[in-house]
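One-letter residues, chain by chain:
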Amino acid sequence: MTRQATGPSRRGFLMLGGAAAASAAIMGLAGIAAPGGEHYGALLNGEVPQVLSEKELAVLSVAAETLVGPIPGLPSIYETRTPARIDRELSLSRGTLLSDMKASLLYLEYSPLMGISLSRFSSMGAQEREAHLRALSRSEDPLERAIYNGVRFLVFFFYYTDPRTWAHLGYEGPQMPAKFFPAGNRIENLEALS
Amino acid sequence: MIREGHEIKHDLREEVDVVIIGSGCGGAAAAKHLAEGGLSVLILEKGGYYTAARGDFDQLSDNMLARIDGGRGLDTSTNGELALMYGNCVGGASVHYWADSWRLPEDRARIYEEKGVSGHEHEVLAPIFDEIEKDHNVHPADPVYRNRMNELFIEAGGRLGWHIEDVPQARRGCVASGHCYQGCSYDAKQSQLVTYVPAALKAGARLYADCEVTAITREPGTGRASGVSARFLDRATGRPAGPKLEVKARAVVLAAGGYASPVIWMRSGLPNGSGEVGRNLFTNPNPYLYALYDEEIYLWHNIPAAVGTSDFRLPRYENGRYVEGGYLLHPNQIQPEFLAVTLPGFGGAHAGLVAQLPRLGSAVAWIDDEHGGEVTLREDGTPSYHYALQGDDVLKARDALKKQAQLLFESGAREIFVPDSAGTRLQGPEEIAQLDTLEIQNGAMLFAAPHPAGTLRMGDDPSRAVVASTHEAHEVPGLYVADPSVFPLPPSVDPSLTIMAFSVIAARNILSHLA
Numbered sequence: 000m001t002r003q004a005t006g007p008s009r010r011g012f013l014m015l016g017g018a019a020a021a022s023a024a025i026m027g028l029a030g031i032a033a034p035g036g037e038h039y040g041a042l043l044n045g046e047v048p049q050v051l052s053e054k055e056l057a058v059l060s061v062a063a064e065t066l067v068g069p070i071p072g073l074p075s076i077y078e079t080r081t082p083a084r085i086d087r088e089l090s091l092s093r094g095t096l097l098s099d100m101k102a103s104l105l106y107l108e109y110s111p112l113m114g115i116s117l118s119r120f121s122s123m124g125a126q127e128r129e130a131h132l133r134a135l136s137r138s139e140d141p142l143e144r145a146i147y148n149g150v151r152f153l154v155f156f157f158y159y160t161d162p163r164t165w166a167h168l169g170y171e172g173p174q175m176p177a178k179f180f181p182a183g184n185r186i187e188n189l190e191a192l193s
Numbered sequence: 000m001i002r003e004g005h006e007i008k009h010d011l012r013e014e015v016d017v018v019i020i021g022s023g024c025g026g027a028a029a030a031k032h033l034a035e036g037g038l039s040v041l042i043l044e045k046g047g048y049y050t051a052a053r054g055d056f057d058q059l060s061d062n063m064l065a066r067i068d069g070g071r072g073l074d075t076s077t078n079g080e081l082a083l084m085y086g087n088c089v090g091g092a093s094v095h096y097w098a099d100s101w102r103l104p105e106d107r108a109r110i111y112e113e114k115g116v117s118g119h120e121h122e123v124l125a126p127i128f129d130e131i132e133k134d135h136n137v138h139p140a141d142p143v144y145r146n147r148m149n150e151l152f153i154e155a156g157g158r159l160g161w162h163i164e165d166v167p168q169a170r171r172g173c174v175a176s177g178h179c180y181q182g183c184s185y186d187a188k189q190s191q192l193v194t195y196v197p198a199a200l201k202a203g204a205r206l207y208a209d210c211e212v213t214a215i216t217r218e219p220g221t222g223r224a225s226g227v228s229a230r231f232l233d234r235a236t237g238r239p240a241g242p243k244l245e246v247k248a249r250a251v252v253l254a255a256g257g258y259a260s261p262v263i264w265m266r267s268g269l270p271n272g273s274g275e276v277g278r279n280l281f282t283n284p285n286p287y288l289y290a291l292y293d294e295e296i297y298l299w300h301n302i303p304a305a306v307g308t309s310d311f312r313l314p315r316y317e318n319g320r321y322v323e324g325g326y327l328l329h330p331n332q333i334q335p336e337f338l339a340v341t342l343p344g345f346g347g348a349h350a351g352l353v354a355q356l357p358r359l360g361s362a363v364a365w366i367d368d369e370h371g372g373e374v375t376l377r378e379d380g381t382p383s384y385h386y387a388l389q390g391d392d393v394l395k396a397r398d399a400l401k402k403q404a405q406l407l408f409e410s411g412a413r414e415i416f417v418p419d420s421a422g423t424r425l426q427g428p429e430e431i432a433q434l435d436t437l438e439i440q441n442g443a444m445l446f447a448a449p450h451p452a453g454t455l456r457m458g459d460d461p462s463r464a465v466v467a468s469t470h471e472a473h474e475v476p477g478l479y480v481a482d483p484s485v486f487p488l489p490p491s492v493d494p495s496l497t498i499m500a501f502s503v504i505a506a507r508n509i510l511s512h513l514a
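Chains R and Z are the protein sequences, given in the same order. What the first sequence shows, in numbering that gives the first Met the number 0, is residues 0 to 193, in sequence order. What the second sequence shows, in numbering that gives the first Met the number 0, is residues 0 to 514, in sequence order.
Among the clues, some could well be false.
[To be verified] Chain Z regions said to be covered by chain R (calculated; three or more residues, Cβ under 8 angstroms):
#1 1-12
#2 161-173
#3 351-361
#4 414-425
#5 441-447
[Unchecked claim] Sample of chain Z residues with no beta-carbon within 12 angstroms of chain R, all distances over it, derived:
#6 35
#7 73
#8 79
#9 202
#10 471
Keep in mind the hints are simulated off the structure, nothing from the lab. As the structure is a prediction and not an experimental result, all values here were calculated from the model. C-beta: ideal position from N, C-alpha, C; glycine also.
Can you build the whole structure from these sequences, using the hints too?
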């Protein structure tokens with residue numbers, strides 16, 4: 000499936016319209032009915048989404064796991080609660096970030112079906128997922144690059160703002176004591192909510 | 000006196016001489032001069048009030064972006080090409096700026112004149128800059144404030160024959176923590192939060208924080224600006240808290256910044272006879288490269304850019320064709336979390352790069368863009384920022400990347416990482432030519448965009464400009480604009496001093512009108 004690139008100046012940040020329309024088309028072509036709730040629920044690691052659906056948070060979790068990868072000595076994206084922190088951030092954002100992210104996750108989940116894969120993104124093996132993300136990153140289609148970059152930005156920002164990752168970065172951390180911010184998006188904010 | 004949103008329990012009405020929307024470089028400078036001139040002044044700031052004394056500046060990037068950045072650090076242009084950086088706190092964007100403090104170059108003041116701006120000539124501005132520099136302790140940074148990247152920039156730039164200069168800094172008692180972008184925890188950076196806001200308050204101005212202006216109001220019949228309608232926000236959610244504010248004023252000053260001022264204009268339904276409202280969005284986009292060294296660099300240590308070069312500030316053309324230049328070139332400073340975000344790739348390859356962060360260096364350019372974008376409103380009233388590098392601005396970005404690569408290799412870099420989607424790497428100077436053809440548009444690279452300007456353009460011809468050279472709107476008497484929205488082109492240097500100087504002129508005009 001190809002899309003004619005148009006001038007970028009009127010597209011949404013993650014080109015919401017194009018992503019949503021393309022995903023809907025793929026779902027229709029593939030005859031995909033309602034998502035398997037058990038499949039997605041098993042990927043949530045106990046997190047309860049605030050503004051994403053369970054399916055979207057599950058796809059985000061799988062994407063985050065693939066993007067960050069296992070790094071010896073560092074916590075996993077589940078231990079850092081990276082997907083939940085992104086969900087929390089999206090609940091505080093205004094403008095189109097939330098709708099763009101929802102459309103991107105939908106596209107990410109179903110776009111493998113456009114190629115030779117018979118699996119949705121969240122059902123793929125680790126190597127297949129890596130290959131799919133790499134293809135998006137190198138795509139000539141600005142839509143696919145925007146989806147890759149948008150999801151990637153949020154995942155890395157919220158993973159590497161966890162203090163447990165800083166030694167790996169060589170970062171000594173702040174020289175001031177942390178101060179809780181009610182509109183923040185740290186793990187402390189998630190704990191305060193629960 | 001500052002009152003924060005949580006202190007307001009009921010609807011309020013105010014009547015003042017001047018109400019000012021925004022407390023950044025534009026709003027604070029105007030407020031100080033108007034209050035010192037004897038007028039009653041009320042400043043309305045949409046963002047919160049954060050201070051070092053209360054421990055608010057905790058240097059955590061996630062916390063601080065949520066506190067002080069307009070888009071919580073995540074706003075982009077519609078095509079994903081620009082990261083929009085703007086303030087949302089008392090003191091505005093100056094709270095996160097690098098403290099670089101340049102005067103408007105004389106050549107740029109002349110171009111402003113050619114574009115129809117009067118009363119802001121180099122000779123007019125010079126004594127105003129004298130005063131502002133004194134108030135902000137602007138001075139060259141002592142060599143002790145140069146981090147390793149700054150030293151490498153000096154050495155390599157010198158070998159390349161470039162003139163390396165001190166970048167004037169607005170600091171007082173800097174402790175070199177390296178956390179400038181998250182807001183200074185030590186009140187050393189001379190942002191508006193610690194300079195003109197307190198000066199305005201001392202002179203009698205008042206300020207409401209967490210107060211979002213929903214409309215500039217006008218007198219029926221005359222169309223003259225008569226005040227503003229506003230509402231207080233709940234800082235914990237960013238949503239309306241309940242209480243509202245109505246302000247009646249003899250003059251309204253719009254100083255919400257280049258990204259927000261045109262939005263307030265459009266939401267208020269103000270006239271746009273010139274068709275220029277929201278157009279001409281200039282952003283000073285920043286292309287940058289990363290480089291791996293054998294030695295430790297620690298990009299996030301000390302102050303960001305103690306030195307730089309203006310050798311390429313003016314673009315050079317031959318026979319009408321672009322040759323080089325059109326940007327400032329500086330050492331770069333990026334915090335570790337953002338380095339991790341902007342380094343290319345993912346998985347094991349990315350983790351390997353991230354593990355080498357202390358040995359990463361970087362250079363950055365501030366492109367003096369000449370092809371503007373546009374701000375529009377969606378149906379729900381939220382803004383869209385449309386911007387795409389185009390024309391000679393693309394060539395400037397490519398030339399800037401090539402000069403950066405030259406400097407980084409000259410300073411001992413083993414390898415250069417291009418922060419693009421494809422994860423391009425350069426192994427040596429012989430590969431720099433790749434930057435001539437590398438895709439850098441349509442979101443292939445993310446440029447920082449910290450200096451919005453031009454969206455309420457100034458000029459004495461009402462058919463081509465939104466505000467007159469007095470800063471008063473052509474079509475809305477009593478409404479003055481005092482922020483970079485009025486610049487007909489970017490100032491070609493960091494804009495903070497120029498914004499303040501223009502606001503002083505705006506304040507003088509208001510004082511003479513209201514007197």
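Verification of the supplied hints:
1. 1-12: violated (count 0)
2. 161-173: This one is violated; 0 residues, fewer than the three required, reach chain R with a Cβ under 8 angstroms.
3. 351-361: Contact hint for the stretch 351-361 of chain Z vs chain R: holds, 4 residues under 8 angstroms.
4. 414-425: Answer holds; 3 residues pass the 8 angstroms Cβ test.
5. 441-447: holds (count 4)
6. 35: Answer for residue 35 of chain Z: holds, closest chain R Cβ roughly 34 angstroms.
7. 73: Non-interface label on residue 73 of chain Z violated, nearest chain R Cβ at 6 angstroms vs cutoff 12 angstroms.
8. 79: The claim is violated: residue 79 of chain Z sits with its nearest Cβ about 5 angstroms from chain R, within 12 angstroms.
9. 202: Answer for residue 202 of chain Z: holds, closest chain R Cβ roughly 31 angstroms.
10. 471: holds, 31 angstroms
The earlier numbered hints that this structure contradicts are 1, 2, 7, 8.
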